[in-house]
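J.: Chains H and B, in that order, are what the protein sequence lines are. If you use this note's numbering, the first sequence corresponds to residues 1 to 421, in order. If you use this note's numbering, the second sequence corresponds to residues 1 to 324, in order.
Keep in mind that the hints were calculated from the coordinates and are not lab data. Quick caveat: nothing in here was measured; it's all calculated off a predicted structure. Incorrect hints may have been included.
What the hints assert, rightly or not - Simulated coverage check for chain H against chain B, where a stretch passes if three residues somewhere in it have a Cβ under 8 Å from a Cβ of chain B: (1) 38–49; (2) 85–92; (3) 102–116; (4) 125–136; (5) 140–151; (6) 185–197.
C-beta atoms are modelled at their ideal positions from N, C-alpha and C, and glycine is treated no differently.
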Amino acid sequence: MCIQKLRSIFVAALLFAPGFFAGAQAQEEIRIGAIYPLTGAAASTGLEMRHTLELAADMINNGAKGINMPLAAGGGLPNLKNAKIRLIFADHQGNPQVGATEAERLILQEKVVALIGCYFSNVTATASVVAERNGIPFLNPESSSAKLTQRKLKWFFRTTPHDDLFVHNFYEFLKDVETKKGFKPQRIAILNENTEWGVETSRIQVRLAKELGYNIVESINYPAKSTQLTSEVQRLKASNADLLMQSSYLGDAILAMKTFKEQGFAPKAILANDAGFSDTEFRRTLGKDANFVFSREVWAKDLTTQNPLIKQVNDLYAAKHKTDFNGNSARSFTGLFVLADAINRAGSTAPEAIRKALSETDIPGNQLIMPWSGVKFDAAGQNTLGRGIIVQIQDGEFATVWPFDIATKDLIWPMPAWDKR
Amino acid sequence: MTPKQRNTLIVSGMGFALVLPFIVSNPSHQNYLILVLMFAQIGVAWNILGGYVGQVSLGHVAFFGIGAYTSTVLLVSVGLSPWIGMLIGGVVAAFFGLLIGWICFRFKGHYFTMATIAVAEILQVLFTNWEGVGGAVGLYVPLDQQGWWAMVFNSKLPYYYIALGLFTVTLLANWAIEKSFLGYYFRAIKDDPEAARSLGVSLTDYKLVAIAISSFFAALGGSFYAQKELFIDPGSVLVTSLSIKMSLVTILGGIGSLFGPLVGSVLLTGIEEATRQILGGSGMGIDLIIYATIIIAVAIYYPTGILGWAKRFLRRGKKAEDGA
Numbered sequence: 001m002c003i004q005k006l007r008s009i010f011v012a013a014l015l016f017a018p019g020f021f022a023g024a025q026a027q028e029e030i031r032i033g034a035i036y037p038l039t040g041a042a043a044s045t046g047l048e049m050r051h052t053l054e055l056a057a058d059m060i061n062n063g064a065k066g067i068n069m070p071l072a073a074g075g076g077l078p079n080l081k082n083a084k085i086r087l088i089f090a091d092h093q094g095n096p097q098v099g100a101t102e103a104e105r106l107i108l109q110e111k112v113v114a115l116i117g118c119y120f121s122n123v124t125a126t127a128s129v130v131a132e133r134n135g136i137p138f139l140n141p142e143s144s145s146a147k148l149t150q151r152k153l154k155w156f157f158r159t160t161p162h163d164d165l166f167v168h169n170f171y172e173f174l175k176d177v178e179t180k181k182g183f184k185p186q187r188i189a190i191l192n193e194n195t196e197w198g199v200e201t202s203r204i205q206v207r208l209a210k211e212l213g214y215n216i217v218e219s220i221n222y223p224a225k226s227t228q229l230t231s232e233v234q235r236l237k238a239s240n241a242d243l244l245m246q247s248s249y250l251g252d253a254i255l256a257m258k259t260f261k262e263q264g265f266a267p268k269a270i271l272a273n274d275a276g277f278s279d280t281e282f283r284r285t286l287g288k289d290a291n292f293v294f295s296r297e298v299w300a301k302d303l304t305t306q307n308p309l310i311k312q313v314n315d316l317y318a319a320k321h322k323t324d325f326n327g328n329s330a331r332s333f334t335g336l337f338v339l340a341d342a343i344n345r346a347g348s349t350a351p352e353a354i355r356k357a358l359s360e361t362d363i364p365g366n367q368l369i370m371p372w373s374g375v376k377f378d379a380a381g382q383n384t385l386g387r388g389i390i391v392q393i394q395d396g397e398f399a400t401v402w403p404f405d406i407a408t409k410d411l412i413w414p415m416p417a418w419d420k421r
Numbered sequence: 001m002t003p004k005q006r007n008t009l010i011v012s013g014m015g016f017a018l019v020l021p022f023i024v025s026n027p028s029h030q031n032y033l034i035l036v037l038m039f040a041q042i043g044v045a046w047n048i049l050g051g052y053v054g055q056v057s058l059g060h061v062a063f064f065g066i067g068a069y070t071s072t073v074l075l076v077s078v079g080l081s082p083w084i085g086m087l088i089g090g091v092v093a094a095f096f097g098l099l100i101g102w103i104c105f106r107f108k109g110h111y112f113t114m115a116t117i118a119v120a121e122i123l124q125v126l127f128t129n130w131e132g133v134g135g136a137v138g139l140y141v142p143l144d145q146q147g148w149w150a151m152v153f154n155s156k157l158p159y160y161y162i163a164l165g166l167f168t169v170t171l172l173a174n175w176a177i178e179k180s181f182l183g184y185y186f187r188a189i190k191d192d193p194e195a196a197r198s199l200g201v202s203l204t205d206y207k208l209v210a211i212a213i214s215s216f217f218a219a220l221g222g223s224f225y226a227q228k229e230l231f232i233d234p235g236s237v238l239v240t241s242l243s244i245k246m247s248l249v250t251i252l253g254g255i256g257s258l259f260g261p262l263v264g265s266v267l268l269t270g271i272e273e274a275t276r277q278i279l280g281g282s283g284m285g286i287d288l289i290i291y292a293t294i295i296i297a298v299a300i301y302y303p304t305g306i307l308g309w310a311k312r313f314l315r316r317g318k319k320a321e322d323g324a
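Excised from the complex, chain H in its bound form:
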């Protein structure tokens, strides 16, 4: 292939691409920029979130039969003469600098009225600063770094709970278990992987334990790609811990469980932190050995039995994409609805009006597909009504066991010893 040919293809792409966009602009529309990792290591997650955002936009624009959700009647946003939502996607490739560049382009060239994204906390960090400087509202549905809402930004709003709150949930759960089962852990051990997430989680877990009066006897950070965890597990055994908190990716979560069994390490409970433990593969590989593990989650499929809305929306999505919602996609979906709700209440696409409407957001929990009490932002832009849930693997399936008011099954406590199963 000669260079000339390549060059002509490239030039052709340059010339024709704007044509695609121009055609769609004729109708009254609300342009929202969505910045997600569409290529790179997190591409599959990014694509999933893109699908759910498109589903949300489609429900608002064209309606969804039988789903009783505000704005889901179709026909766009009523207060803006039924203007339709138009999503303009950009790929940040997991790179904070690219995220900022794309945010700038969406605001200045694509003239979006609001931004949504970016999943990665570090990309959200840079992209939201661009929005702040340009005075454009930024809604973040999925990044969990606590720092993001400590920046005192005026234009930044986050619907998901952050890492601090998630770890808080662990301790709230323990408190509730204490009331219900009369068990208070005396010796807590922590086993977390050693990249950004695990290290940060350890730090918060230790800090909150001190504040809330729990005793941490051992805290281990191990390399996530480790092929054996024997010495780590021996340390755990020696610590005589009665409760283990663990943050692992898939491979290491499986390896850890196998090593626990080999070495007979059985605390009263294993409290895992989402990620590897939530993966279908975790249960498939370990089979019965995966039972009784608790995991902190943001969403669970069995919640569909509690809230009819969750089942309806999930069915709609599953029919099209042959897979269920998960914690990420459910949060992205919710994020766009919160943003659309604010734009509708603002009755205008002026950024300041949208910002004001966002800050006045008050959506009750029963209108959401999340296990939250609702959406209401504090002065820092953090949703104060969000919360995580705790699921437990029972008979190979995830069951929501906490908060108790939305639990689908009672928790099994303590975890039986390995030889007594």
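We have chain H; now place chain B onto it with these hints.
T.: What follows is chain B alone, placed relative to chain H:
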């Protein structure tokens, strides 16, 4: 090209660069110009070691990261202006470069390259776990203080001129090196280390000089990045992909030549931004495929880089003229 022609070209290029942001007024487009200058600047820094001395480092992001972290930590903790923090960062990086060089210059060729990758990876892990510098969460540059002293601006214009200034200073330093005895020593080390040594050029000493200068300027680029994006974490200023990009702009533009990194950066950043803007939203990675194809094509058809090709092209044109 005669020296006179060359000077005219440089002066008019500089003049053009000075007025460019007034022609390109959309801040989003100005942002691309800043990116071009930023990657060109760190490319030039890389080129001093990789191009002139032939010590290919794929861990240069370590110095970039040290620069970014030093100025930002000093700004966040004691409120020191990034202008001073930037220089301190440069000095810290230069010393770190000396240390790394002292260890890694024992390795030759590919082994040196591998050692530099390892150093950068180690640094990334260290910074991820070092709470004093924000650890995994990263560091935010406060937005409340703006202006020249704080190096935080709402407009793109100041960033453009700072990037242009940094690029010019780095280029001048490179030019001074090229013209001085160092330039000859460096090239001698690259072309025939044994011969250079037999003539009394200490290989290790001059490689150390090169790595110190190269690290210093790479660190300045890091501080600038931090002030531009206002947020740094190990995932943004200590990633391997950035090391590769520094070397890529130089190699594509013309390794071991003064303006190679600029040409490479214009090309690479241009392709990257254009393909991503047009096709990135599709989520199918077409932009990256095109991007990679162009890089491969350049590597095959212009192995001496775009600048090397242009020089040959000009020379051929001149010969034809002489013949006529």
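J.: State for each hint whether it applies.
T.: We went through each hint and held it up to the structure:
| no. | hint | result |
| --- | --- | --- |
| 1 | 38–49 | holds (count 5) |
| 2 | 85–92 | holds (count 4) |
| 3 | 102–116 | holds (count 6) |
| 4 | 125–136 | holds (count 5) |
| 5 | 140–151 | holds (count 4) |
| 6 | 185–197 | holds (count 4) |
In the structure shown, no violation is registered for any of the earlier numbered hints.
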